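Protein chains in written order, with our numbering: chain A, -12 to 394; chain B, 300 to 457.
Just so you know, the hints here were simulated from the structure itself, not pulled from any lab data.
Treat the numbers as computed from the prediction; the structure is a model and nothing was measured.
Do not rely on the hints blindly, as some may be mistaken.
Stated by the list, open to error - Here are the simulated lysine-lysine pairs, DSSO-like style, with alpha carbons at most 30 Å apart:
(1) Lys98(A) to Lys183(A)
(2) Lys374(B) to Lys269(A)
(3) Lys260(A) to Lys374(B)
(4) Lys269(A) to Lys434(B)
(5) Lys333(A) to Lys289(A)
(6) Lys410(B) to Lys157(A)
(7) Lys183(A) to Lys249(A)
(8) Lys440(B) to Lys47(A)
(9) Lys374(B) to Lys84(A)
(10) Lys289(A) to Lys440(B)
(11) Lys183(A) to Lys269(A)
(12) Lys96(A) to Lys289(A)
(13) Lys67(A) to Lys96(A)
(14) Lys84(A) to Lys61(A)
(15) Lys260(A) to Lys296(A)
(16) Lys126(A) to Lys406(B)
Unchecked claim - Which chain B residues stay away from chain A? Per the calculated CB distances, all over 12 Å, these:
(17) Gln313
(18) Pro361
(19) Glu375
(20) Leu379
(21) Glu420
(22) Ser424
(23) Gly442
(24) Glu456
For each residue, glycine too, the CB sits at the ideal point set by N, CA and C.
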Amino acid sequence: MKSRRNFIKQTSAATLGALIGSRIVFGKNLPKDYVPVILQDGDPYAMFNKHKDMVVLNNKPWNIESAPHLLDDKITPNEKMFIRNNGLIPEKTDVNKWTLTIDGESVSKPKTYTLQELKTKFPQHTYQLTIECGGNGRKEFNPPAKGNQWEYGGVACAEWTGVRLADVLKDVGIKANAVYIGYYGADVHLTGNPEKVVISRGVPMNKAMEDETLIAFKMNGKEIPLAHGYPLRLVIGGWPASVSGKWLKRIAVRNIVHDGPKMEAPSYRVPCKPVAPGDKVKDEDMCIIESMPVKSLITYPKTGAMIDKGNALNIRGHAWAGDLEVAKMEYSIDFGATWKPCKLDKPANRLAWQHFSATVSFPEDGYYEVWARATDSAGESQPMVLPNWNPKGYLNNACHRIAVKVK
Amino acid sequence: MIDSNRQKILDEIQRHIKALTRGIYALVIGVATLIYYLLNPSILNVDVQSKESVVVAEAPLPEYENGIHLATGFKEGENLNLVIANCTSCHSAKMVTQNRATRDGWKTMIKWMQETQNLWELGESEPLILDYLAKYYAPEKAGRRQPLTDIDWYELED
């Protein structure tokens, strides 16, 4: 069995070698799904096993987005899951030596766990968790906002398995003055400087201690793919995906709001008070994004569908609402003049996206847009126009729409 | 009875031959592997440098096509060499080409990269780089919500 596994490794090494037109000889330590750093310049679809319709926004660092019609699965498979990296994928992921350290001002005493200890010492839990990039939808903002120009596909809801961060923190022992947690990963800064932390973000203690906040080692029942944080990832649903730290090595329990790179303004912050489009906003007037706003996507059919007159159109998709639940889902074929209800499922668990469907009839032939609008349990709905402009182009939860032609 | 005994003996011999054959195979494979390893001792090392040693013969590519610099995707324009030299050593050209900003906006990004991302001082190249970025990657006028464009129409079969 063992030799067979080695043979498979050699085979994939040969395949990878073919990919870059060169022979790569791997040691016996080649971890499963490991992408050698040399291949970080290679074909992303093969390297990361992504669907051909995924869109590469950036190749250094790798940022790849999905599309509404690709997100039709109830649980997002790896092939259709967006990648958002701030730095370079770690070169060495030796799972046998991988450890997670919990430290910071507000732990009684720092403690380090091996992967095996995490897996055996604590009860395991599985949740479907919606994680959306804070900048999903940035492309539509005007004046344009700096950063990767995400359109719709910076969101996914996979099934994550791991242990509760709360269980681990209780085992370590947390002081009463704990305010925030901050993660540290094994990714490498774009400059290659090993001293520079790529990104280190976190959440307040109450979010950290929620049942659904996981230290995960499985995605959709398998080891987490390398690009998504193998072998260990913090997964925190409902908040900007940047709090779900990949390649997790360390969690600091802080007695202040965490101050790691990309916690500071303007990263993942929006103006505390509304501003006019294009305004300059002072750092001290920018507030940290917490729960993401209510949003939905029509995942079927793909935009551009042509149907015959008299035929009804079945539509479906998903809706999510940060820490809240989606209470109502509607569609409009007349640019919001009238709205009709969709069938809306309850979430599989808290912080999972919810599935909706409807059967749409059209009164006559012509060009239509089907718009979808979700309303959360606090009564807030998606706007039809862009929400208020912000300097970094975060939180665009404007209604999604598809074009339909009836002939 | 005799036949049956003879059959047993034959079976026994056959088993031994099979076992022997397997042993010989294993020995040959083992020796071959050992020889290969002795000749190529680097087989067990991660050898990422070997990329350098491979020469792929390629016809020279045209540098620009339809006003786009093929190697980077940048728009053809004056001072592009400075932009490539200073802006693509850490991140890819796509970080620039997918963004749009005014001269001030680009300057703010450069300042942010210098303050937080170890970008060096651009010196007298800075105004030239800003000239290029502000000219070729300027904001386009857009409303609060644009009409849907580039729709790829298809027959929906249900």
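Going down the list of hints, with the structure as the test:
1. Lys98(A) to Lys183(A): Distance ~24 Å between Lys98(A) and Lys183(A) Cα, so the pair holds.
2. Lys374(B) to Lys269(A): Violated. Lys374(B) to Lys269(A) sits at ~33 Å, over the 30 Å cutoff.
3. Lys260(A) to Lys374(B): violated, 38 Å
4. Lys269(A) to Lys434(B): Holds. Lys269(A) to Lys434(B) sits at ~27 Å (cutoff 30 Å).
5. Lys333(A) to Lys289(A): holds, 24 Å
6. Lys410(B) to Lys157(A): Violated: Lys410(B) and Lys157(A) sit about 43 Å apart, past 30 Å.
7. Lys183(A) to Lys249(A): holds, 12 Å
8. Lys440(B) to Lys47(A): Holds. Lys440(B) to Lys47(A) sits at ~29 Å (cutoff 30 Å).
9. Lys374(B) to Lys84(A): violated, 46 Å
10. Lys289(A) to Lys440(B): holds, 28 Å
11. Lys183(A) to Lys269(A): holds, 25 Å
12. Lys96(A) to Lys289(A): Not OK: Lys96(A) and Lys289(A) at ~53 Å, beyond 30 Å, violated.
13. Lys67(A) to Lys96(A): violated, 41 Å
14. Lys84(A) to Lys61(A): violated, 35 Å
15. Lys260(A) to Lys296(A): violated, 48 Å
16. Lys126(A) to Lys406(B): holds, 20 Å
17. Gln313: holds, 27 Å
18. Pro361: holds, 21 Å
19. Glu375: holds, 21 Å
20. Leu379: Non-interface label on Leu379(B) holds, nearest chain A Cβ at 18 Å vs cutoff 12 Å.
21. Glu420: holds, 15 Å
22. Ser424: Answer for Ser424(B): holds, closest chain A Cβ roughly 19 Å.
23. Gly442: violated, 7 Å
24. Glu456: violated, 10 Å
Violated hints, in rising order: 2, 3, 6, 9, 12, 13, 14, 15, 23 and 24; the structure is consistent with all others.
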